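Colleague: Sequence:
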Amino acid sequence: MVESDGSAKKRVCYFFDSDISGFHYGPGHPMKPTRIRMCHSLVMNYGLYKRMEIFRAKPATKREMTQFHSDEYVEFLARVTPGNMNSYIKEQHKCNVGDDCPVFDGLFEFCSISAGGSMEGAARLSRDKCDIAINWAGGLHHAKKSEASGFCYVNDIVLGILELLRYHNRVLYIDIDVHHGDGVEEAFYTTDRVMTVSFHKYGEFFPGTGELRDIGIGKGKYYALNFPLRDGMSDENYKGVFEPVIQEVINSFDPNVIVLQCGTDSLSGDKLGSLNLSMRGHANCVRFVKSFNRPLLMLGGGGYTMRNVSRAWAYETGVATGVELGPQIPVNEYYEYFGPDYELDVKCSNMEDLNTPGYLERIKNIAFEHLRHVGGPPSVQMQDIPHLPIDDSMDDLNQDEDTIDPDDRRNQRLLDSRVQADGELSDSDDEGEGGRKNQHSHKDDDELVPARKFVTTTGIMNPGASAASHGAGPSAHPPTSIPTALVTADEMDVDDVPSEEPLVEESKLADTTEKEDQARSVAEGTMEEKPQAPTPAPPAGGTPVQDRPTEGAGQDTAPVAKTAPPTT
Numbered sequence: 001m002v003e004s005d006g007s008a009k010k011r012v013c014y015f016f017d018s019d020i021s022g023f024h025y026g027p028g029h030p031m032k033p034t035r036i037r038m039c040h041s042l043v044m045n046y047g048l049y050k051r052m053e054i055f056r057a058k059p060a061t062k063r064e065m066t067q068f069h070s071d072e073y074v075e076f077l078a079r080v081t082p083g084n085m086n087s088y089i090k091e092q093h094k095c096n097v098g099d100d101c102p103v104f105d106g107l108f109e110f111c112s113i114s115a116g117g118s119m120e121g122a123a124r125l126s127r128d129k130c131d132i133a134i135n136w137a138g139g140l141h142h143a144k145k146s147e148a149s150g151f152c153y154v155n156d157i158v159l160g161i162l163e164l165l166r167y168h169n170r171v172l173y174i175d176i177d178v179h180h181g182d183g184v185e186e187a188f189y190t191t192d193r194v195m196t197v198s199f200h201k202y203g204e205f206f207p208g209t210g211e212l213r214d215i216g217i218g219k220g221k222y223y224a225l226n227f228p229l230r231d232g233m234s235d236e237n238y239k240g241v242f243e244p245v246i247q248e249v250i251n252s253f254d255p256n257v258i259v260l261q262c263g264t265d266s267l268s269g270d271k272l273g274s275l276n277l278s279m280r281g282h283a284n285c286v287r288f289v290k291s292f293n294r295p296l297l298m299l300g301g302g303g304y305t306m307r308n309v310s311r312a313w314a315y316e317t318g319v320a321t322g323v324e325l326g327p328q329i330p331v332n333e334y335y336e337y338f339g340p341d342y343e344l345d346v347k348c349s350n351m352e353d354l355n356t357p358g359y360l361e362r363i364k365n366i367a368f369e370h371l372r373h374v375g376g377p378p379s380v381q382m383q384d385i386p387h388l389p390i391d392d393s394m395d396d397l398n399q400d401e402d403t404i405d406p407d408d409r410r411n412q413r414l415l416d417s418r419v420q421a422d423g424e425l426s427d428s429d430d431e432g433e434g435g436r437k438n439q440h441s442h443k444d445d446d447e448l449v450p451a452r453k454f455v456t457t458t459g460i461m462n463p464g465a466s467a468a469s470h471g472a473g474p475s476a477h478p479p480t481s482i483p484t485a486l487v488t489a490d491e492m493d494v495d496d497v498p499s500e501e502p503l504v505e506e507s508k509l510a511d512t513t514e515k516e517d518q519a520r521s522v523a524e525g526t527m528e529e530k531p532q533a534p535t536p537a538p539p540a541g542g543t544p545v546q547d548r549p550t551e552g553a554g555q556d557t558a559p560v561a562k563t564a565p566p567t568t
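Take this note's numbering: the final residue in the sequence shown is number 568, and no numbers are missing along the way.
One thing to keep in mind: the hints can contain errors.
[To be verified] The calculated lysine to aspartate or glutamate pairs, modelled on EDC-like cross-linking and capped at a C-alpha distance of 20 Å, are:
1) LYS10 with ASP128
2) LYS271 with ASP231
3) LYS50 with GLU3
4) LYS90 with ASP100
5) LYS145 with GLU75
6) LYS219 with GLU369
7) LYS364 with GLU243
8) LYS9 with GLU324
9) LYS221 with GLU211
10) LYS58 with ASP19
11) LYS32 with ASP105
12) LYS32 with ASP19
13) LYS364 with ASP214
14) LYS271 with ASP99
15) LYS239 with GLU361
16) LYS62 with GLU72
17) LYS90 with GLU75
18) LYS32 with GLU333
19) LYS32 with ASP100
20) LYS62 with GLU109
21) LYS145 with ASP71
22) LYS239 with GLU352
23) LYS10 with ASP131
24) LYS271 with ASP353
25) LYS94 with GLU147
26) LYS32 with GLU109
27) LYS221 with GLU369
28) LYS347 with ASP235
29) LYS221 with ASP254
30) LYS62 with GLU147
31) LYS94 with GLU186
32) LYS145 with GLU91
33) LYS9 with GLU53
34) LYS9 with ASP128
35) LYS10 with GLU324
36) LYS221 with GLU186
37) LYS94 with GLU72
38) LYS364 with GLU211
If you are wondering where the hints come from, they were derived from the structure by calculation, not from laboratory data. Bear in mind the structure is a predicted one, so any value in this text is a computation, not a measurement.
All chains, full assembly: derive it from the sequences and hints.
Modeller: If you want it as structure tokens, here you go:
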């Protein structure tokens, strides 16, 4: 993880609720909320949590959802369950709840978590508490006022934009999902305060809307911009149309805040998508939008190959915080999903790009012609900001302080809100960041450390010592240098291990043999008995003494030092 060059540091708020991974659309359904937890696992193990504030947003209430959705529809979502769904057959048909949008356990709680993160992110942007707010559980852009559509039940994007409109005159919505953002476009089709721009595949593809000629109506005419694409869109072509179009939109509309829907089903290899973007090509859109230095709300969306979704959103979280993530996936709870290469990048395939340069140039020119009719940003009459329940929680951010255990010195809320300062000297969990890691290898120790010196001693426990030595100690034998790398337990001779049995010296054997010969000679009368020389008394303290050689003994035998027993 390294700093991105030339990017200004932003205050980032990141919203995540661990309960989101506990919901399941049903067996075989392509939408899997677990992808959000996979992304969060990468975010945490890459260390991005140190560079942003992490929040668990309050789930949206029924009243907050009814700012856009109808009361009847919200009430239906709150009541229907897999156990009683047969009692709501008529409502299911009316609200388009069925195959694509099934009824599953915790349906309303799932919608509340998704909408709550987007609304609180928008509220924090409006109150200048952050520069970028991220909610990967949001971005469900297909939901309509009174019906579900395209795996989406509650349109958190519309609810977030409505929150932004309370403080900002103009909001720009950009959609890079492979599907057209029909729910958001429909909600603001008649207003000039929200401009919707969508890059999507068009032609025999869900939801079937988003034609080039769909430009809005009434006051909202020319404030809806659609860029239809064909199969196999590559990074180079996508960048060639995205950057000039968005640049012209910024110049013409001059938004106060930007909402970016980062649907990853436009990536190569998606189960439902048919474009051919790489992870870096997709993230280039985030980097370009961030460069305008406007308040930015980043949301999730589509994406049905889970390992690629989590890769892309984790990488784009790094782009938002101003760092470039390393190429190798860190060890995390979903590590096996990223095999066999365990790399972060999502690469393009060899899919043919059907978007010819002539086609893209023609669509781009028509889009520029529509933008010329915008005529500058709209004027908005000054008025009081309406009060909503979310204002109470935003005005008093410490209202839940009494619920925190006073004995908990560093509670989770405090840790999540802490952002590590640049150049901060921190604990060992940050070792290795910024080139501070000790790169020395223990394998080089044997080559760098000088050989140790060992001193061999003489005595009864070392029968092979030289006879010239007298006693044990530093002067008994010259020190011998033995390289530690050459002395191992496997190379030691077992015969070197001293035995507990007392050893019989060669001089004693020679002395005994001589006495036997003399006794035999005296008995036979052939030799006179010679008096034995007295044996010198050993000195006190058990110091080794040297046996005197005797006559008749082998003169080639070297005297052997031995230790006399200590005197009592």
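Colleague: Does each hint hold? Answer for all of them.
Modeller: Here is how each hint holds up against the structure:
1. LYS10 with ASP128: holds (12 Å)
2. LYS271 with ASP231: Since the Cα atoms of LYS271 and ASP231 sit roughly 14 Å apart, the hinted pair holds (cutoff 20 Å).
3. LYS50 with GLU3: Judged against 20 Å, a Cα distance of about 13 Å means the pair holds.
4. LYS90 with ASP100: holds (17 Å)
5. LYS145 with GLU75: holds (13 Å)
6. LYS219 with GLU369: holds (18 Å)
7. LYS364 with GLU243: holds (11 Å)
8. LYS9 with GLU324: holds (13 Å)
9. LYS221 with GLU211: Holds: LYS221 and GLU211 sit about 14 Å apart, inside 20 Å.
10. LYS58 with ASP19: Given pair LYS58, ASP19 holds - Cα atoms ~12 Å apart, limit 20 Å.
11. LYS32 with ASP105: holds (14 Å)
12. LYS32 with ASP19: holds (13 Å)
13. LYS364 with ASP214: holds (15 Å)
14. LYS271 with ASP99: holds (18 Å)
15. LYS239 with GLU361: Holds, at about 13 Å.
16. LYS62 with GLU72: holds (11 Å)
17. LYS90 with GLU75: holds (14 Å)
18. LYS32 with GLU333: Status holds; Cα separation ~17 Å.
19. LYS32 with ASP100: holds (13 Å)
20. LYS62 with GLU109: Distance of about 11 Å is within 20 Å: holds.
21. LYS145 with ASP71: Holds. LYS145 to ASP71 sits at ~10 Å (cutoff 20 Å).
22. LYS239 with GLU352: holds (17 Å)
23. LYS10 with ASP131: holds (6 Å)
24. LYS271 with ASP353: Holds, because 18 Å separates the two Cα atoms, which is no more than 20 Å.
25. LYS94 with GLU147: holds (7 Å)
26. LYS32 with GLU109: Answer holds: LYS32 to GLU109 is near 15 Å, not above 20 Å.
27. LYS221 with GLU369: holds (13 Å)
28. LYS347 with ASP235: Between LYS347 and ASP235 the Cα gap is close to 10 Å, so the pair holds against 20 Å.
29. LYS221 with ASP254: Given pair LYS221, ASP254 holds - Cα atoms ~17 Å apart, limit 20 Å.
30. LYS62 with GLU147: holds (15 Å)
31. LYS94 with GLU186: Satisfied, since the Cα-Cα distance of roughly 19 Å is no more than 20 Å.
32. LYS145 with GLU91: Judged against 20 Å, a Cα distance of about 14 Å means the pair holds.
33. LYS9 with GLU53: holds (14 Å)
34. LYS9 with ASP128: holds (15 Å)
35. LYS10 with GLU324: holds (14 Å)
36. LYS221 with GLU186: Answer holds: LYS221 to GLU186 is near 12 Å, not above 20 Å.
37. LYS94 with GLU72: The given pair, whose Cα atoms are some 11 Å apart, holds under the 20 Å limit.
38. LYS364 with GLU211: Roughly 14 Å between the alpha carbons, so the hint for LYS364 and GLU211 holds.
The structure shown violates none of the earlier numbered hints.
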